[in-house]
Amino acid sequence: GDSVTQMEGPVTLSEEAFLTINCTYTATGYPSLFWYVQYPGEGLQLLLKATKADDKGSNKGFEATYRKETTSFHLEKGSVQVSDSAVYFCALSDQSNTDKLIFGTGTRLQVFP
Amino acid sequence: NAGVTQTPKFQVLKTGQSMTLQCAQDMNHEYMSWYRQDPGMGLRLIHYSVGAGITDQGEVPNGYNVSRSTTEDFPLRLLSAAPSQTSVYFCASTNWGGDRGYGYTFGSGTRLTVV
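Chains as they are written, first to last, in my numbering: chain U, 143 to 255; chain V, 10 to 124.
Honestly, the hints are just simulated from the structure, not real lab data.
Some clues are possibly wrong.
Derived coverage of chain U by chain V (criterion: at least 3 residues anywhere in the stretch with Cβ under 8 Å from a Cβ of chain V; other residues may be distant) [stated by the list, open to error]: (1) 180-190; (2) 243-254.
BS3-like cross-link-like pairs, simulated, lysine-lysine; straight-line CA separation at most 30 Å [as the list claims (entries may be wrong)]: (3) U:K202 / V:K18; (4) U:K242 / V:K18; (5) U:K219 / U:K194; (6) U:K219 / U:K242; (7) U:K219 / U:K202; (8) U:K210 / U:K194.
Using N, Cα and C, we set each Cβ at its ideal position, and we do this for glycine too.
Make the full structure from the sequences, and use the hints.
So this is what it looks like as structure tokens:
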């Protein structure tokens with residue numbers, strides 16, 4: 143079945159460092175791909191998305207490119223801030239599988255001043 | 010402009026008790042779903058609904074029931090609570106059709122403890 147694999151955390155960085163969180167997927171169809179962010183004590187918020195191969199999603203300085211050839215959707219940010227500390231979830235929604243949203247296990251990011 | 014509203018935010022149950030977690034959305038979304046979030050396991054789909062009167066099971070449906078009598082509401086019922094159901098529960102909704110890349114809107118969660 144469809145699945146999402148994320149790198150394990152926590153990821154610990156100093157402020158202004160470069161961030162990469164790896165995400166790969168397995169899907170039978172042509173999924174849409176998402177990154178969600180969960181700040182402490184809150185629900186999930188959509189961070190960015192891409193709906194087809196080679197699309198680049200971007201928001202708040204974060205970017206991710208839908209790579210069909212490597213089945214990947216890695217999250218990047220050039221300069222992280224303390225306020226970026228949160229748990230990041232990669233997810234896919236497969237139109238050929240009733241649009242169910244399938245999540246990775248999440249990666250905790252900790253940014254220190 | 011409430012989005013997805015979940016109640017209660019916190020709940021403690023005794024083993025064997027039953028309860029209903031409420032979820033309501035005001036965006037006229039057709040698709041609604043319930044997830045549970047456990048440490049190291051991400052979010053797992055419990056049940057989902059593609060429209061009023063239609064529900065289906067997700068990855069971990071045992072011990073839970075749902076119904077969808079209206080577009081707005083999608084309650085989750087715990088039939089006989091067990092400690093293994095201690096978790097944080099999230100309700101989410103989205104639209105069908107057209108650009109399915111809308112993404113999902115999540116509620117703020119219900120933290121349930123079963124003792």
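Checking one constraint from the list: CA of U:K219 to CA of U:K194, max 30 Å. Satisfied?
holds, 21 Å
Hinted pair U:K210 and U:K194, Cα distance within 30 Å
OK: U:K210 and U:K194 at ~8 Å, within 30 Å.
Please work out if U:K242 and V:K18 have their alpha carbons no farther apart than 30 Å.
holds, 25 Å
For the pair supplied as a hint, U:K219 and U:K242, confirm whether the alpha-carbon distance does not exceed 30 Å.
Since the Cα atoms of U:K219 and U:K242 sit roughly 28 Å apart, the hinted pair holds (cutoff 30 Å).
CA of U:K202 to CA of V:K18, is that 30 Å or under?
Holds - the C-alpha atoms of V:K18 and U:K202 are around 29 Å apart, at most 30 Å.
Please check whether the stretch 180-190 of chain U has three or more residues whose CB lies within less than 8 Å of a CB on chain V.
holds (count 5)
Between the alpha carbons of U:K219 and U:K202, is the straight-line distance 30 Å or under?
Measuring from Cα to Cα gives roughly 9 Å; hence the hint holds.
Within the assertion that chain V covers the stretch 243-254 of chain U, do at least three residues meet a Cβ-to-Cβ distance smaller than 8 Å?
Our answer is that it holds, as 6 residues pass the Cβ test (under 8 Å) against chain V, meeting three.
Comparing the model with each earlier hint shows no violations; every hint is respected.
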